[in-house]
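Under my numbering, read the sequence shown as residues 152 to 455, first letter to last.
Check the hints yourself; a few may be wrong.
Here are the simulated DSBU-like cross-link-like pairs (lysine-lysine), alpha carbons at most 30 Å apart as the crow flies [stated by the list, open to error]:
| hint | residue 1 | residue 2 |
| --- | --- | --- |
| 1 | Lys389 | Lys221 |
| 2 | Lys359 | Lys387 |
| 3 | Lys408 | Lys393 |
It should be emphasised that the hints constitute simulated quantities derived from the structure, not laboratory data.
Note that the coordinates shown come from a computational prediction; the quantities given were computed from them, not determined experimentally.
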Amino acid sequence: MLYRIAVALGSLVFAIFSADAADAPTPKAEMKAVLDELEALGPKPIENLSPAQARMQPTPADAVMALLKKQGKSTEPERVGKMEDRKIKGPGGEIPIRIYWPAGGKGQSLPVVHYIHGGGWVIADLDVYDASPRAIANAANAIVVSSHYRQAPEHPFPAAHEDSFAAYRWVLANAKSLGGDPRRVAVAGESAGGNMAAAIGLMAREKKVQMPVHQVLVYPVANYGFDTPSYKQNEKAKPLGKEGMEWFFGHYLESEKDGKNPRVSILGARDLSGMPPATIITAEIDPLRSEGEQLAGKLKKAGV
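Modelling step: build the complete structure from the supplied sequences, incorporating the hints.
Here it is in structure tokens:
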């Protein structure tokens, strides 16, 4: 099951990125077509926008849809066995979740994946990140629970982390009633969602809650810092560069101290031993690439 999750997410990432041997990586033809389509939709640099304006901007998902239409291909979402929207109780109010059952999934005790979407703790929602949970559900033959969270700047750190952990505890408590196996609950997340998926292990250890059986971290935010090789190499990358990441951090964190908190800077955690086995997927044209690589190294050193 865990390998299938990695393949499901990996196919979404590695299919679109590649790099030349030179210092400046270039997108593969498939990704360039998406980036060209996104540019045609006229997004403004996020660092020049307010959060409210940023939430109204076209997304890479919109660009993919536009490209598919232009190519005469279907824009229908990947079919799953069943999908259901719910709201669960969280520390700051109701948390929207979306549950996906795999197509053809039979019987009880399916593996369960708690999925957390990206968006820098500020933008995006369950709709923008609908494709990944669908792909995971079918490829891994697993029930996927995708959870939203309170967003900044209206709700600064640690609101999103607390909501994500509350959703994880809900998944553990309700896995069986969904048709899943509560002993086989994994976490997965992209970007800021990858950060919070990784933080769930730290929070579970701290609060003596059952650990995820695996963590799939897709280009995770793993450190509050902007001087890594990939930040320097991809400082002006689109749609996400250094200034964009500074903008996201600036809205979610209230202080430098927040940035050093191990829930945000996973790399700064004193002890990562005992964390769940991990699959880390990085993208080449991404300021976050180096910290993903560093996190993999630190986990290995800790025996994970």
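Checked hints:
Taken as a hint, the Lys389 and Lys221 pair is honoured in the structure, with Cα atoms around 22 Å apart against an allowance of 30 Å. Distance check on the hinted pair: Lys359 and Lys387 sit about 42 Å apart at the alpha-carbon level, beyond 30 Å; violated. For the suggested pair Lys408 and Lys393, the alpha carbons sit about 20 Å apart, so the restraint of at most 30 Å is met.
Checked against the numbered hints above, the structure violates only hint 2.
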